[in-house]
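This is what each chain is made of:
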Amino acid sequence: MTRRGMNDVRVLVISAALVYGALAIVMGVIPGRVLSMTPAGPGVVPLSAAAARGRDVYVGEGCSYCHTQQVRPLAQDRVWGRPSARGDYAYSTPQLLGSERTGPDLTSIGTRQPSAVWHLIHLYQPRAVVHASIMPAYPWLFATKDRAEPGDVTVAVPPEFAPAGKVVVAAPSAQDLVAYLQSLKQAPLPKATP
Amino acid sequence: MQDVRAYVGPPGGRGVAEDARILSAFTISATIWLLIATGVGLLLSFKYSYPDLLTSPLLSFGRLRAIHTTGTFYGWASIALVGCAMYVAARSGGTAIRLPRLAWVSLWAYNLAAVIGIAALDLGLSNGSQEYREWIWPATLLFLFAVVTSGWVVVDTVAHRVGHDIYISNWYTVGGFVFTAILGVVAFLPWYQYGLGQVAVQAFYMHNAVGMWFTFLALGLTYYALPKLLNRPIYSYALGVLGFWTNLVFYPVIGAHHYLFSPLPWWFQTLAIVFSVGMLVPVWAGSGNFALTLRGRWSSVRRSYALPFLVVGIAYYFLGSTQGTVEAFRSLQAIWHLTNYTVGHSHATMYGFITFIAWGAVYALLPRATEKEPPQLWVGIHFWLALIGVTVYVGVLSIAGTEQGLTWANGDPFIASVEAAAPYWLARAVSGTMMFLAHLVFAYNVYVMTLAPRRAAATPAGVIA
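Those sequence lines, one after another, are chains A and B. Numbering that gives the first Met the number 0 puts the first sequence at residues 0 to 193. Numbering that gives the first Met the number 0 puts the second sequence at residues 0 to 464.
Not one of these hints is a red herring.
List time: in silico SDA-like cross-link candidates among lysine to any residue, alpha-carbon distance up to 25 Å:
id	chain 1	residue 1	chain 2	residue 2
1	A	Lys184	A	Asp55
2	A	Lys190	B	Trp265
3	A	Lys165	B	Leu53
4	A	Lys165	A	Ala142
5	A	Lys144	B	Pro56
6	A	Lys184	B	Trp265
7	A	Lys184	B	Ala408
8	A	Lys165	B	Thr54
9	A	Lys184	A	Glu99
Going by beta-carbon spacing under 7 Å, a handful of chain A positions derived as facing chain B:
id	residue
10	Asn6
11	Leu11
12	Val12
13	Tyr19
14	Ala23
15	Thr37
16	Ser63
17	Ala84
18	Ser91
19	Pro93
20	Glu99
21	Ala131
22	Pro135
To be clear, the hints were calculated from the coordinates, so they are not data collected in a lab. For glycine and all other residues, C-beta sits at the position ideal for the given N, C-alpha and C.
Chain A with its partners taken away, still in its complex shape (with noise of 0.2 Å):
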């Protein structure tokens, strides 16, 4: 039996993977493609050797399913900086702008809260620092020790949320983390010439 036109299964498969095919040429691959030559904006710098191995680890650990990194062009939004404009997103592979806000956004984060000391305790135990929190805490990206070596980075954890008779030491991928976090900064867009 002949069977013509799209009752032919060879057809069927051609016809859509040609439609398909055009269409994420057109809606995937070129925007795609174009946006990712965007120029890095004024004062967009790309990140220092621990804070892109400290990226690394956000991308591990999932922070971005709940920490936005993109500010919008709403009211709402200015709490968090200026809206995040294209060339603020040149370094930034894989993209981390998120889904959700769970927590909050932290596009300048490290603006809003430059202190490491601040940063490595939220780590260990975000409710140390923040009552109402619901972060997970980040135990493994720390030791605990009898007594602090030398060259070791220690954390004054509150007495109530610290290892009775320890002492916590950031371990370097906690180190990394903080110094990604605390490059987080929005360059101030040029004021615009007369």
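Given the coordinates of chain A, assemble chain B onto it according to the supplied hints.
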């Protein structure tokens, strides 16, 4: 010729036993992933209320979150729908599943992909924590291999059908395989997407993974199971074709509505909103077509244990997808974007729609294939636990998301949004518990329909009432 009732099994039962084994194996695999992925989801839901519950790297929120989503997407829903799609291709074509060995290879590939992808995520290895494409490349490559091989099985089975016309179910399922193979290549080739460009690709990918894969497979199964169970032809073949083409053309354009108010070009976002409105055409064509097929046959729904799942799936397809259109408007996204409202929506669609259709298809096809009926009481318990669970889930997260968005708009300190949502998160954990219990019951029913010894009183002919 577009009446599936015209098609019966292959003459002489050739391959029917093998078809039943394939459908059973896909369903069992999928069910195991359902238990794993939603067990993880349940733990996550309790972590919102008890953040210090089970603090350890392997059980931490940030790692398990992606395991829950990719596990339900690519473990549970994909494997369940693909197994049914193979079986439907054979039954609607009056033949047996072609290339059964390739079908088994694809099943192993789906499972191995999920094992690798999920284990890597638990060790903190991800493809950039971008939603639904978190699996590292070996897992993704295996998954795409599975899509291509299982798609090949379906296409070859359709090519060897007895009748002349390709039944509308197979348009949808064949389309799903073709689109997803292309989508996978576009999304996972890393060498052209950086920074904001990757955001654009993510917008395209994340919505197409849902709409060009799960939606097409689920609609295809509904176009087979619904008329079969009702013993009447689908209301309109033309509406089915309209839905196919409009879904194909509109869906790829709407992804950027997930990035409204982002630095993506403003016109690009507007285009996504316009096409989100266009999505009402395939959604209403499809759900309307199903509703008109059901018209006047509610007594059949009461008597069947598979039909209620399909009816809920169709209702959530209509409600969830229409909600998606409304949600895409800027005025509403200004409040709901980035809140739990979106999580509620994704459960209305991926659970209320996709998962209920998968269950309806399994209950429609599997007992007939294996000649083992599940206990009707336990199917009923599964149905009500899952339906009440997901409806409460979507309801409380919609309220939680609205509260979050309003506290932000009100200029309250951020922590106020956490405190406002807290009671609803606890309610979500309770409804999530109901959903997980439903999955345990479903797993038992799958066991009865497959591995368990045949009960003496079984009446296989009564399944398709």
